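Chemist: Listed below are the residues making up each chain.
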Amino acid sequence: MSDSIFDHDHHVPAVALPSDIPAALLRKTPLNLPNPAELEVLRHYTRLSQKNFSIDTQFYPLGSCTMKYNPRIAHTMAALPGFARLHPDTPAQGMQGLLQVLWELQEWLAATTGMAAVSLTPAAGAQGELAGVAMIRAYHAAHGDHGRRKMLIPTAAHGTNPASAQMAGFDVVEIPNLADGDLDMAFLDQHLGPDIAGIMLTNPSTLGVFERRITEIAARVHGAGGLLYYDGANLNAILGRVRPGQMGFDAMHLNLHKTFATPHGGGGPGAGAVAVQERLRPFLPLPVVAREAAGALRWLDEGDLPRSIGRLSAHGGNIGVLLRAHAYLRRLGRAGVGRVSAYAALNANYLLRELQRVGYQAAFPERRASHEFILSVSDLQKATGIRALDVAKRLLDFGIHAPTVYFPQLVPECLLIEPTETESKATLDRFVTVMAQIRREALEQPELLREAPHHLPVGRLDEALAARRLDVAGGL
Amino acid sequence: MPYIAHDAAETAAMLAAVGVERLDQLFDEIPPVLQVQDMALPEGLSEMALQRELEGRALANAPLRCFAGGGAYAHHIPAIVWEIAGRGEFYSAYTPYQAEASQGTLQVIYEYQSFITRLTGLEVSNASLYDGASGLAEACLMALRIQGGDKSILVPENLLPGWRRVLDSVLGLQDIRLVSVPYDRATGTLILPADAGDAAALIIPQSNALGLLEPVDALTDWAHAHGLLAIAVVNPLALALLKAPGVWGTQGADMAVGEGQPLGIPLSGGGPYFGFLACRKAQVRQLPGRLVAKTVDGQGREGFCLTLQAREQHIRRGKATSNICTNQGLMVTAATIHMAALGGYGLQQTAVLCHERAVRLRELLAGVPGVSLPYGGAFFHEFVVRLPHAAVAVRDALLGYGLLAGLPLSDWGMGEAGDLLVCATELLEEADLLAYRGALTSVLETL
Amino acid sequence: MSKIPETLRYSDTHEWVEDLGGGRYRVGITDHAQELLGDLVFVEAPEADKAIRAGAVCGVLESVKAAADLYAPLDGTVVERNDGLGDNPQWLNEDPYGQGWIMVVEADASAGDGLMDAAAYAKIAEV
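Sequence lines, in order, name chains A, B and C.
Mapping of the first sequence onto our numbering: residues 17 to 492, in sequence order.
Mapping of the second sequence onto our numbering: residues 8 to 454, in sequence order.
Mapping of the third sequence onto our numbering: residues 1190 to 1316, in sequence order.
Honestly, the hints are just simulated from the structure, not real lab data.
In this text the structure is predicted, and so the values were computed from the model without any measurement.
Cβ atoms here follow ideal geometry from the backbone N, Cα and C, with glycine treated the same way.
Careful: at least some of the hints might be erroneous.
[Claimed, not checked] If you want the footprint, here are the derived chain A segments under chain B, 3+ residues with CB under 8 Å:
(1) 29-37
(2) 234-245
(3) 254-266
(4) 364-370
Just chain A, with the same shape it has in the complex (with noise of 0.2 Å):
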């Protein structure tokens, strides 16, 4: 049955325009939308929240994406009147109190990734890619080295770093990795030379294993005159343990709401704050908040910082999720932040053994698990002809959220699956269990799973219906 805000419409007067604006400024026709009444909107949005996965309701292993446990204090503090009623344009003196939450989280983040500064500014992960690769053009352009055009990045890495670098003018080289996960030295040498700007890493790469010659990679690209930037998408892997700062890179971007717990809230917002070692620091885009000697806290402008890349937003960037990442680092400290990524790791190796167990097939074998792993199930599609798509899919009939599929594209058939630190271990031995039943339904039944799933609201959509009629505004 079709359920729309649209079918809840009760008539409303009309509402008299005002008469001292131009009539050829006012709106022409009606404004065309639903009056529900309250308990209607509420009835409806709380029903369609039923139709969502989350962490809240589930196990969601989605790789890469860090879908762990969003402490509800950090919400309850972000939502305290006094931060939420703040309006941007307040003066200093006006906002201290949350001047003081971003300095003490700009700080703590440079202890954490072993950086000189950082801005929070950035809106997202692939902002922060956006800024961190501006400022390498920055820190190029203020050294009149011009001709460095070349961005390296990982054919395995995220879809984003290309994009990031292709939006800051950089042409985009592709580096193949080895049969082991770690990087393709010999290609990397080829493509080191005058014209080289720098290299985008991920590490723990996106195969889920530590780039063990990270070092040499630095000194190398280093040698070349190029920079290094860390996508910090993978950092919960080795937060409180290993800082990319002392791995050799130049820049990075975190991702808040991966690492540090804030909600993805169904796509967003993050917060993308980028860190630097101190030659980039001239080039960090505004605003960041500077401490006075005498201790007040003001933000700085283009007056301060003249050769900054600029601002990418119209304000200081998503402040309410900035506000919930410092409440949930001050709530672990330092002790806290390095049990994150020994249970991430504790979790994901507990799980890729037990899988392995019930008979899937790790993508590397050999190496020891960061925080999430990759499965193929190529040999299930051999005999059976069932795909990765098919095994996730059969997952959320059990109430559990697929792990990440056909990423890294680099393994054929491939899940990417991430518990991290906050699931249980009875969470995971559920999940090996129902992996293992459907292990065997793929052999034995495997129409179960090209058909699911069987127990969602709807079975699988027609993509290719949706796209060719694109009916993408509605309601009537």
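Once you've looked at the hints, dock chains B and C against the given chain A.
Modeler: This is chains B and C only, laid out in the frame that chain A set:
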């Protein structure tokens, strides 16, 4: 241990299954020299202590009656908006890539897209961008892709300066020139440019940074007559009253972009907000960001899924329409519930109230000795007053009266030193307006 | 196993070419290509009068889950485009060698010399 469930026995059993003895051994592939034992972070706090600390910080922000706008507006948000948007099923869900397990979020986005298309009079809306300003940068890049070969954008000098700076940062990376379009210093509204040069589009702000309404029909027709696209920059609440961009001029604007914050999003010191972007269906393949479509499943049941994903970075990589991935999903959820809760009627009523309060406040402030009104044109809910002293000093003095009196235009490098941009919304009652007049009168007497 | 008609010639980027005689060639994508891409939802092909160069990108193919460039299989000038694909991109899936043709190109008699025959293409498509 906060947010970790394992007890010692469980940890030991798991380590044994993995074949190691200690947690540290899980990191044995990482060169030891890279592993640090300590970092300069404070000790953790209990939830109780954390709450106490942060409540203190929140209280250190002055509670001010808000008369400031400039792209972020204080509005009433019905209680049900965040009551529902804050439900874990929305709050803690991921991007709806697994459609069958995300029908709630997907249908919300579809309804949101429907609402935005009706407000803007355009056919397609994406699922949101980071904020209005970054949305405008994306709209400009989209216009350049559609037009092909063009190298510049016409940018009004009375566009919000914060937005202009974002255009400088983002478009500058691709060596796109921003050509300024001046405004008439007497009326505050745009002067039609002499020629279009190699521009792909004209940006048309309604209202402009001075709060004034622009002659959008003439500007849109001028853009089209010169082969440019017209990009409307609009306040979504104002669109409850004002002519929809889709019918500006004889052909209508080609794109509409704006800051979604007035639709149920708390001010929160500047974010998270969301940017909306609407366009014609013919140009949908150049649209950045996510898009939801209605379709059917194998049994013919209606459902929703992400569509035209081949435009996006996770498929198109370096050739994508944008690098955007995570957008502002939860803000869009709140905005959708907000629009539904107010309904078309409530949105129009709110917009009318904002306008009436602003008209009344402008009249009251104009009666304060020494205060004048530099512009006479029509406006929505923001206007400029010219004060006999530096607006920054007056604004700062009024903090002492519990008022955020407005935005000094000098902060933006616009207008005269005494110019203050003032905003009124439905939140302000007559007593608040009178209190502002009284406080301003006192401050001007003592300065 | 995908269909590879004996009468056509093929590029290594999975386009087929049919010699219509008189220096005119019809071009499309192979059955194998449409299988790899999945359900096609959008085709952008060059307009009539546009010059294309063998091996260069001349259009875009979008499916539900993938995007691919359309490469020109030979040097020449487009004289006709299958505009029906605009509303019916599924023709590429349903009938890649018939109703799903993409364009007709005018070219020299030698333009298609570098193309493969069906047997040679079959080896590529098997991999």
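Chemist: If a hint holds in the structure, say so; if it doesn't, say that too.
Modeler: Here's how the hints hold up against the structure:
Three residues within the 8 Å Cβ limit are the bar, and the region 29-37 of chain A against chain B gives 7, so the coverage statement holds. Under the rule that three or more residues need a Cβ within less than 8 Å of chain B, the assignment of the region 234-245 of chain A is violated, with 0 such residues. Given as covered by chain B, the region 254-266 of chain A passes the check, having 7 residues with a CB less than 8 Å from a CB of that chain where 3 are the minimum. Coverage of the region 364-370 of chain A by chain B holds in this model, with 4 residues showing a Cβ closer than 8 Å to a Cβ of that chain against a need of three.
When each numbered hint is compared with the structure, a violation occurs for hint 2 only.
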